[in-house]
Amino acid sequence: MIMSVPSLSTRELTIRFGGHVAVNAVSCDFHPGELTVIVGPNGAGKTTYFNLISGQLTASSGIVTKDGTDITRLSPSARAGQGIGRAFQLTNLFPQLTVLENIRLAVQARAGQGWRMFRPVSQFRGLTEKAEHYLERTRLTALAHQTAANLPHGDQRKLEVALLMAMEPDIYMFDEPTAGMSLDHAPDVLDLIAGIKSDPTKTVLLVEHKMDVVRALADRIIVLHNGELLADGDPAEVMSSQIVRDVYLGNATEETA
Amino acid sequence: MTNQTGTRTTTGTLIVKGTVALIAALLLFAPFLFQDVRSLEVAARICIFIVLVASFDLLIGYTGIVSFAHTMFFGFGAYGAAILLKQMGPGWTPVLLGAVAGVAVSIVFAVAIGLLSLRVKAIFFAMITLAAASVVLVLASQLSHLTGGEDGITYKAPDLFKPATKLLTDADGKVLKVFGVRMNGKLAAYYFVFASCLVLFLVMLRFTVSPVGTVLKAIRENEARAEAIGYRVVAYRTFVFCLSAAIASLAGTVYAVWLKYTGPDTALSFAIMIDILLMVVIGGMGTMWGAVIGAVLLTLAQYYLRDLMGAASAALEGVPILPELTAPDRWLFWLGIIFILLVYFFPKGIAGTAMEKGARS
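Taken in sequence, the protein lines are chains A and B. By the UniProt record's numbering, the letter at position 95 of the first sequence is numbered 95, and the numbering carries on one by one without gaps. By the UniProt record's numbering, the letter at position 157 of the second sequence is numbered 157, and the numbering carries on one by one without gaps.
Don't read these hints as lab results, they were simulated from the structure. For every residue, glycine included, the Cβ atom is placed at its ideal position computed from N, Cα and C. Don't take each hint at face value.
[Unchecked claim] What follows is a list of derived Cβ distance ranges for each label pair:
(1) A:Thr65 - B:Val120: 26 to 32 Å
(2) A:Thr58 - B:His145: 38 to 44 Å
(3) B:Ser141 - A:Ala111: 48 to 54 Å
(4) B:Ala122 - A:Arg16: 24 to 30 Å
(5) B:Val135 - A:Asp199: 21 to 27 Å
The task is simple: from the sequences and hints, build the whole structure.
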């Protein structure tokens, strides 16, 4: 298969916290139209790897590039401006604002209207309409005027995804998007991710534990273990490889012991 | 019903807005309704403090920045006008130059403090503003040839505001009275204060519902996520710190023109900072209406609680203990109790708590 130019790439990406190396020399390319699932036991460095890409943490060494441009030292807001969007594992919303206001903030950031100060936001009809569009796509319209803090957990997870979609990034990063969701809610979120995946210009990174989700969505799987890239490739191949079995089963026996 | 900005309309909201409209009407007609010098003094002080508290609320209530330097910026504006009025004599040029100079110095200080320290933790930022404010307070009392030191500066306001100025005259050439109020310079001075404060307040009100206003709330709610969706948090924080400083400085200039005296006690002391904090907490953070209610209540209490207690004490003559308890000298004790009760029953301030109450209509 001929690979297109990577939209996102990490080279020897490393971060140390004191003596502990949380992500160790991870080199990986991600391509448009491809959904990569990142798996690994707890503490493998998956979320830390995400933080290094989206800018919440800055690498000790190594580089991150977006479409060939070095973004290793940019702030999270600058990376968001470059088209890197990130949803969080722990719900990370604007709790006392309404659902509509939450989404409109993301739309407004994307539209570069965040510094307008002489007209009320209600006069920016375009922003509100776009926010309403994303509410509809995520089926949150009925909850538009509820404060985010008052939503049930499942809807907060949906809002988390809606915020990411409203940023309209090139790179979508989902960190366990269905964590803690009930079985009737999870398919909604998975459908949304599948919808994004079908756009050949978008690159999707997904941290996920549920194997049925991985099987349904993954074009490719990478395995992190103790901060290192352990395996990378076709889902079926990776999941059946001995090394992955060792990591997961080894861990499982440790946990049950 | 929900309006376009997505805020919910509650009966509490209507009551709060109605109260603010009533306060605005009372302030507008204050010279006609309360015809004595002290009342007009109180009304002018209320106008100034509404602006001062509202500008502080942009920081603490909307953005979640804790600063103790707000009186410093107020003082820059006041001293700017005071020093120039003293040096250049009465006129509009020193007032305008003083206002511009005060705003310029305030913005320089705000940018410096902001860029140096808005990246660090909130507690360090608060400490740095406290240090800056202390330094400026000491400087103001030490540079006595310029600032008049502890005594402050007394000067003349522009001619229009002199009590002897006749705005309207009757057939005999005497100052005209309308509803018993002399159309003189004092009245002009009050309406200068009222109009300036109204404009500044409306500017802030509009600002809070603009796109930038929504970003500030987002930063208050969740700084990390605001950054993650693409807002440069440090830039927004520095900006609102500058804006709030500039408005406080303008309020200082207006107050200096009104008082015709500027000294540490009227423009720079930490007592004013504490008043601002009490007003914003009593009124309710994060709503411009709270600033209005807090400023009115605390100023009225400061000026009239003693009188009220004097009357109560006299009325309770002969009853054991009670006259002692309500003696006017104990007014601070009662102010303290009222404050504790308000915080207990209105944890989000009067406006903040009231606006959550009532059926969503």
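Do the hints match the structure? See the list:
At about 30 Å, the beta-carbon gap between A:Thr65 and B:Val120 stays in the expected band of 26 to 32 Å. A beta carbon spacing of about 51 Å between A:Thr58 and B:His145 contradicts the range 38 to 44 Å that was offered as a hint. Checking the proposed 48 to 54 Å range against B:Ser141 and A:Ala111 shows it holds: the Cβ atoms sit about 50 Å from each other. Range check, B:Ala122 to A:Arg16: Cβ separation about 28 Å, and the 24 to 30 Å hint holds.
About 57 Å separates the C-beta atoms of B:Val135 and A:Asp199, a value inconsistent with the hinted range of 21 to 27 Å.
In the structure shown, a violation is registered for the earlier hints numbered 2, 5, in ascending order.
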